[in-house]
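Participant: For reference, the chains in residue letters:
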Amino acid sequence: MRLKQKAKLRQWVMGLVSVVLVLSLSACGGSNGGNSSPNSSQPSNTSDTPPASTENEEEYLPEPGAKLTVWESQEQVEYMEKIAAEFEKQYGVPVKLEVVAGGDQGTRLATDGPSKLAADVLTMPHDQIAQAVKAGLLLPNDLFEDETRAVMEDSAIKAVSYDGVLYGYPKSVETYAMYYNKDIFPEAPKTWDEIISFAETYTDTKQNKYAIMWEFVGYYTYPFVSTLGGYFFGNDNTDLTDIGLNNEGAVQGFELLKSLKKILPMNAGDVSYDVKTQLFQEGKLALNIDGPWSIAAFKDKVNFGVAPLPAMSNGEVSHSFSGVKAYFVNSYTEYPIASRLFSNFAANKENQLLNYQMTGAIPANKEAGEDPTIKNDPIISGFFEQFSHSTPMPTIGEINAVWDPLQAAFRTIWDDPKADVKTTLDTMVDTIKTSISSK
Amino acid sequence: MQRKTISTTLSVLFMGLGQLYNRQWMKGILFLATGLAAIYLSSVIGLSSYLKGLITLGEQPSGLVKVGKITKMVEGDHSIFLMIKGLMAALSLLLVGVIYALNIRDAYKVGKERDAGIAPNNFRQSLQLINQKNFAYLVLALPTVTVLFLTILPLIFSILLAFTNYADPILPPANLIDWVGFSNFVKLVSLKVWSNTFFGVLLWTVIWAILATATTYIGGILIAVLIQQPRIRFKMFWRTVMIIPFAIPSMISLLVMRNMFNNKFGPVNEIMRWIGFDGIPWLTDPIWARVTLVLVNMWIGIPVTMILAIGVLTTIPRDLYEAADVDGANSFQKFRSITMPMVLFSTAPILIMQFAGNINNFNVVYLMTDGNPVNSNYQYAGHTDLLVTWLYKLALNQSQYSFASVIGIIIFLIIATLSIISYRRTRSYKEEDMIA
Numbered sequence: 001m002r003l004k005q006k007a008k009l010r011q012w013v014m015g016l017v018s019v020v021l022v023l024s025l026s027a028c029g030g031s032n033g034g035n036s037s038p039n040s041s042q043p044s045n046t047s048d049t050p051p052a053s054t055e056n057e058e059e060y061l062p063e064p065g066a067k068l069t070v071w072e073s074q075e076q077v078e079y080m081e082k083i084a085a086e087f088e089k090q091y092g093v094p095v096k097l098e099v100v101a102g103g104d105q106g107t108r109l110a111t112d113g114p115s116k117l118a119a120d121v122l123t124m125p126h127d128q129i130a131q132a133v134k135a136g137l138l139l140p141n142d143l144f145e146d147e148t149r150a151v152m153e154d155s156a157i158k159a160v161s162y163d164g165v166l167y168g169y170p171k172s173v174e175t176y177a178m179y180y181n182k183d184i185f186p187e188a189p190k191t192w193d194e195i196i197s198f199a200e201t202y203t204d205t206k207q208n209k210y211a212i213m214w215e216f217v218g219y220y221t222y223p224f225v226s227t228l229g230g231y232f233f234g235n236d237n238t239d240l241t242d243i244g245l246n247n248e249g250a251v252q253g254f255e256l257l258k259s260l261k262k263i264l265p266m267n268a269g270d271v272s273y274d275v276k277t278q279l280f281q282e283g284k285l286a287l288n289i290d291g292p293w294s295i296a297a298f299k300d301k302v303n304f305g306v307a308p309l310p311a312m313s314n315g316e317v318s319h320s321f322s323g324v325k326a327y328f329v330n331s332y333t334e335y336p337i338a339s340r341l342f343s344n345f346a347a348n349k350e351n352q353l354l355n356y357q358m359t360g361a362i363p364a365n366k367e368a369g370e371d372p373t374i375k376n377d378p379i380i381s382g383f384f385e386q387f388s389h390s391t392p393m394p395t396i397g398e399i400n401a402v403w404d405p406l407q408a409a410f411r412t413i414w415d416d417p418k419a420d421v422k423t424t425l426d427t428m429v430d431t432i433k434t435s436i437s438s439k
Numbered sequence: 001m002q003r004k005t006i007s008t009t010l011s012v013l014f015m016g017l018g019q020l021y022n023r024q025w026m027k028g029i030l031f032l033a034t035g036l037a038a039i040y041l042s043s044v045i046g047l048s049s050y051l052k053g054l055i056t057l058g059e060q061p062s063g064l065v066k067v068g069k070i071t072k073m074v075e076g077d078h079s080i081f082l083m084i085k086g087l088m089a090a091l092s093l094l095l096v097g098v099i100y101a102l103n104i105r106d107a108y109k110v111g112k113e114r115d116a117g118i119a120p121n122n123f124r125q126s127l128q129l130i131n132q133k134n135f136a137y138l139v140l141a142l143p144t145v146t147v148l149f150l151t152i153l154p155l156i157f158s159i160l161l162a163f164t165n166y167a168d169p170i171l172p173p174a175n176l177i178d179w180v181g182f183s184n185f186v187k188l189v190s191l192k193v194w195s196n197t198f199f200g201v202l203l204w205t206v207i208w209a210i211l212a213t214a215t216t217y218i219g220g221i222l223i224a225v226l227i228q229q230p231r232i233r234f235k236m237f238w239r240t241v242m243i244i245p246f247a248i249p250s251m252i253s254l255l256v257m258r259n260m261f262n263n264k265f266g267p268v269n270e271i272m273r274w275i276g277f278d279g280i281p282w283l284t285d286p287i288w289a290r291v292t293l294v295l296v297n298m299w300i301g302i303p304v305t306m307i308l309a310i311g312v313l314t315t316i317p318r319d320l321y322e323a324a325d326v327d328g329a330n331s332f333q334k335f336r337s338i339t340m341p342m343v344l345f346s347t348a349p350i351l352i353m354q355f356a357g358n359i360n361n362f363n364v365v366y367l368m369t370d371g372n373p374v375n376s377n378y379q380y381a382g383h384t385d386l387l388v389t390w391l392y393k394l395a396l397n398q399s400q401y402s403f404a405s406v407i408g409i410i411i412f413l414i415i416a417t418l419s420i421i422s423y424r425r426t427r428s429y430k431e432e433d434m435i436a
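Going line by line, the protein sequences match chains A and B.
So in my numbering, spot 144 of the first sequence is number 144, and the numbers just go up one at a time.
So in my numbering, spot 129 of the second sequence is number 129, and the numbers just go up one at a time.
Errors might be hidden in some of the hints.
Listed next, the in silico BS3-like pairs over lysine-lysine satisfying Cα-Cα at most 30 Å (straight line) [claimed, not checked]:
{"id": "1", "chain 1": "B", "residue 1": "Lys66", "chain 2": "A", "residue 2": "Lys116"}
{"id": "2", "chain 1": "B", "residue 1": "Lys66", "chain 2": "A", "residue 2": "Lys67"}
{"id": "3", "chain 1": "A", "residue 1": "Lys433", "chain 2": "B", "residue 2": "Lys192"}
{"id": "4", "chain 1": "A", "residue 1": "Lys67", "chain 2": "B", "residue 2": "Lys69"}
{"id": "5", "chain 1": "B", "residue 1": "Lys52", "chain 2": "A", "residue 2": "Lys134"}
{"id": "6", "chain 1": "A", "residue 1": "Lys206", "chain 2": "A", "residue 2": "Lys261"}
{"id": "7", "chain 1": "B", "residue 1": "Lys187", "chain 2": "A", "residue 2": "Lys433"}
These are computed hints drawn from the structure, not numbers from a lab.
Model the full structure from these sequences, guided by the hints.
Facilitator: Okay, structure coming up:
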């Protein structure tokens, strides 16, 4: 995580440097000075330029001479190479792959997109699209909109849309669920009560044995907010005036959270990802709330299964946050049609299944999710089940005002036994409100 | 009319004319060509539109237009690119201006010489003159231009950002950025959400810089003096052991430290509990987190001062100590009156550098605590965030580029002032030749 952020910083600096360099080159080459051309073609009056024939859907073919560049992260390069080769066979458009780490693609697009250095098609986690859309860096998924809406999971569609416009071509989904050690549990516990009573016999701080752990950040706290009726923003996370983080449901959820301190007696800051992973590998941690990205770390080390998160007092399975990875088309692409065709092709059912087989990614395609290979995979099906109880992370930019205060409130409630849940949550909501209004 | 007046006037009118009047053909033609090239290039490239772009920062943002079923991108102005291009144009103009001024000065000087009856140099003589007298300038010309565009320009660019409204949600190219003057600075101190965080973080930054510098400096010198004591054995071993933390990339060692100081599972607390103490909340309590940072920083920072001090110690003449022995001084007196002044004298400038470096000590904070523990009263900052890590969070996590730039400027001002003032006060600045 830190390494990734560090790399992001370097990426950003490199981006800036390359912008300066490219500009100095283009300035020497005598390109016309930026603001002369667009005045002649204002957005409003270009609508009459294209020929009427484009109305026909069947006519959308790749631009003649089109060749595409695609950004893909290292883990998925092999899989992408296959898709690229297949796409070239079917459409005659060569595809070049460039390796760019998943989390960096959005940041690089911001600088490289307008300077025409970015890939035509890239992959982003859905919570990064708000910035890219606000900066006008992505082309909407218009050509295949109906098709995409029909075949993909609804929450995946919602996740890759912004302001009601569909931008992405969903590729895979991810959410966290509960890893359980099969040597300790023949069957995964279903409710928090079960876990608490189990912990009373199991937890032993002297020997570092713990019943359950999860990383103490806002992302993993969400089940306590949402399952009993709390929410981030009203109206599907779009109404900024309505913050549901201190309503009755949220308070109940945090009260439950507070009561869990007795089975996990430590300060919030001490549960780090490394610690948690190691304890689970050593068999000292019975339950571990984590995402599919950790499967590799546990395989061959622990006899584990994956189950949905435990239910709360109202009997409902806890709601998690989910993330959706999708292909996006760079709005500065030279070949917009070919890029759309490629994105749609790469996100189709067969390719999502191929992605699952090669990298273990959970498909966003409904039919692919029903496929027997996935149905029979106990680990993936556990995540898929939790996914049906999940909400996509909000895409609005104001979400950034929530994470830190939420984490602060969460840790205060956890660490300080005297802290009152309701007052702490009220302070948090005040902080979020001022922070949003100051932007 | 005097020749110097005529030649100067002509050169003011157009580059090279004065030189031609002075019958310096080759030089005149070179200047003339430069002038014409400058005018030609600036009209071809559209220098004025670049400069205009720097002022307006664009008039038409990029936008998406729906044509039938397909959405198209209509490219507009990109404020950030316009800003950089404008800066490049301005700097090029500055370069031409310098050449222009040189041309006038040259015309004036040669004209004056002719008035006094001295024949102007021919081209070969001029070249020889350059070779003899102005060779340094000639050699420096190319690096200067490079520095101007690759060092100065990005600096000016990042400073200028502080005077714009470039912050989420005003992101180019879909939005145009505007100049907003000093309003970001005003906001930073007047708006409570910002000022609260700013002054809190600033205070901790200063305290941190003082603590971090003082502890590593004193610690380093003490260890160096100890190791250099004649009675200490295995000097090589001690030196090597102390230097090792510096040799490992801090990126790795800090991440390891972070786990070592984990309250519950870290070996540090485990050992403490084993001895019989309660563990300390090293990284989760605001005060202890700060203490931990200072401690860990000592571990990394002491080797540097130690090596420096060892170097200085070896240069102190032995007879000073012998004389002190004769006078009956004890070890502390020798340390106070001989060792310390000599070491301080040689390392004071480094001390200031370390202080400035500690204000910007990104690595330690970012990798050890990442600004945590969180502070619910702060805007995007935690208890241990320094100005520089706050800046990083603002720019990279929150896209608040203009505020980040404001903070960058403030950090620069603090460091520059402190460094200049304290450097001028050191004895090594005042008495450059004390040792010699």
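Participant: CA of B/Lys66 to CA of A/Lys67, is that 30 Å or under?
Facilitator: 24 Å, holds
Participant: Is it true that the CA of B/Lys187 sits at most 30 Å from the CA of A/Lys433?
Facilitator: Answer holds: B/Lys187 to A/Lys433 is near 17 Å, not above 30 Å.
Participant: Please verify whether B/Lys52 and A/Lys134 have alpha carbons no more than 30 Å apart.
Facilitator: 26 Å, holds
Participant: Under the criterion that the straight-line Cα-Cα distance not exceed 30 Å, is the pair A/Lys67, B/Lys69 satisfied?
Facilitator: Holds. A/Lys67 to B/Lys69 sits at ~23 Å (cutoff 30 Å).
Participant: Would the hint linking B/Lys66 and A/Lys116 be met if the CA-CA limit is 30 Å?
Facilitator: Roughly 22 Å separates the two Cα atoms, so the pair holds.
Participant: Is the straight-line distance between the alpha-carbon of A/Lys206 and that of A/Lys261 30 Å or less?
Facilitator: Measuring from Cα to Cα gives roughly 16 Å; hence the hint holds.
Participant: Between A/Lys433 and B/Lys192, does the CA-CA distance stay at or below 30 Å?
Facilitator: Answer holds: A/Lys433 to B/Lys192 is near 13 Å, not above 30 Å.
The structure is consistent with each of the numbered hints, conforming to all of them.
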